[in-house]
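K.L.:
In this note's numbering, the protein residues as written are 46 to 394.
Straight-line alpha carbon distances no greater than 27 angstroms define the calculated DSS-like cross-link-like pairs of lysine-lysine that follow: (1) LYS180 with LYS131; (2) LYS180 with LYS143; (3) LYS101 with LYS221; (4) LYS131 with LYS241; (5) LYS241 with LYS101; (6) LYS143 with LYS131.
Each pair of labels, with its calculated beta carbon distance range: (7) ASP219 with GLY107: 21 to 29 angstroms; (8) GLU79 with GLU288: 32 to 40 angstroms; (9) PRO222 with PHE90: 32 to 40 angstroms; (10) GLU94 with GLY334: 31 to 39 angstroms.
Just so you know, the hints here were simulated from the structure itself, not pulled from any lab data. Ideal Cβ placement from N, Cα and C applies to all residues, glycine included.
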Amino acid sequence: MTRPRISYVIEPRFPGGTSSAVAQELAVAATLGEVRVHAVSSAMFPGREVAPVLEKALDRLGLSLIWDSSQIAGDMVILHNPAFLKFDTAFAARIVAKHLVVVTHENLLRPGGAEGFDVRQCLNLIDGASLALQKSLAPISAHNRATVMDWLTQNPDMRWSVLPQTWHNICDFDLKPPTDTPRDRRGRHSRPGFEKFPSLDVLDICFPASAEANVLLGADMLMPDGSNRPHWTMFPFQGVDVERYFEMIDFMVYFTGPTWQESFGRVLAEGVAAGKIVISDPQTAETFGGAVIGAAPGDVDQIIEGYVADPARYAADVIRAQDSLQRFAPDAFHDMMASTLWMEARGAA
Numbered sequence: 046m047t048r049p050r051i052s053y054v055i056e057p058r059f060p061g062g063t064s065s066a067v068a069q070e071l072a073v074a075a076t077l078g079e080v081r082v083h084a085v086s087s088a089m090f091p092g093r094e095v096a097p098v099l100e101k102a103l104d105r106l107g108l109s110l111i112w113d114s115s116q117i118a119g120d121m122v123i124l125h126n127p128a129f130l131k132f133d134t135a136f137a138a139r140i141v142a143k144h145l146v147v148v149t150h151e152n153l154l155r156p157g158g159a160e161g162f163d164v165r166q167c168l169n170l171i172d173g174a175s176l177a178l179q180k181s182l183a184p185i186s187a188h189n190r191a192t193v194m195d196w197l198t199q200n201p202d203m204r205w206s207v208l209p210q211t212w213h214n215i216c217d218f219d220l221k222p223p224t225d226t227p228r229d230r231r232g233r234h235s236r237p238g239f240e241k242f243p244s245l246d247v248l249d250i251c252f253p254a255s256a257e258a259n260v261l262l263g264a265d266m267l268m269p270d271g272s273n274r275p276h277w278t279m280f281p282f283q284g285v286d287v288e289r290y291f292e293m294i295d296f297m298v299y300f301t302g303p304t305w306q307e308s309f310g311r312v313l314a315e316g317v318a319a320g321k322i323v324i325s326d327p328q329t330a331e332t333f334g335g336a337v338i339g340a341a342p343g344d345v346d347q348i349i350e351g352y353v354a355d356p357a358r359y360a361a362d363v364i365r366a367q368d369s370l371q372r373f374a375p376d377a378f379h380d381m382m383a384s385t386l387w388m389e390a391r392g393a394a
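Using the sequences and the hints given, assemble the complete structure.
P.N.:
This is the structure in structure tokens:
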């Protein structure tokens, strides 16, 4: 049998988790078929500065980025994060595929039921530009799947199937050993954005003056008023190397605004891999099956105090959390993607 043709359609200028997820996914896809990567110049970003993590992955694999093709073809065409089209009125390329897979990196519905973006507009642009035997949405977590299914229930005229498999992020990080002397050093990091950060009241609870250190990476919006909280050490997004950031903390505390729910939460997996105890809201923590502690902001002090007082429990829980990341390992993704290709081949037969 000839190797299947796998074509990716991406907006390569995403600064956060989407580009990181695609970067790790490409290496697995290249073992399963002949991969091409198509870049779309959407109205979301100016210029052509590719996300560094994605650029490195393409160089490592010897893959070229094909900008703004008029036609994109493949046995399987994989479009990542349709939200990149939310400012566009047309999709210039023609997509021809046996199976078009649209990976829903952003939740289609936010907490409270509002749309995360103009989902119908984005999906219709893709649908109108595509000729495919099958068109599927691919959720990246259980919560993400729930928002996809709820949105489709509310929009029954939209003729998209949903993959039974979960198109999870690959978490293939170098695992760092936990410290044997944890201290009350706290941090959070994410791309900047109002929706990514909780209110200042919540941040004050999570990062109090009583902590030995509070390190906020990606705090671009908070930095102009930083003098009001001298006990916070703040860096802009990509303002310090992530490895150096993790060296400055022992606990990663991650809550978001009330109108935002992480669809996967890749930064949390990074924190676990870096050898840290990670604390987040229960819904976000659920994706990681015990690797992340689900809590309310008011619980954070007590959780951290307990671990500082019991270093052996800290180390044991970090190691157990790192073991649970295996569910997101490259081999697990390989099996999922191979089964999707196999289903496609069986359907064609």
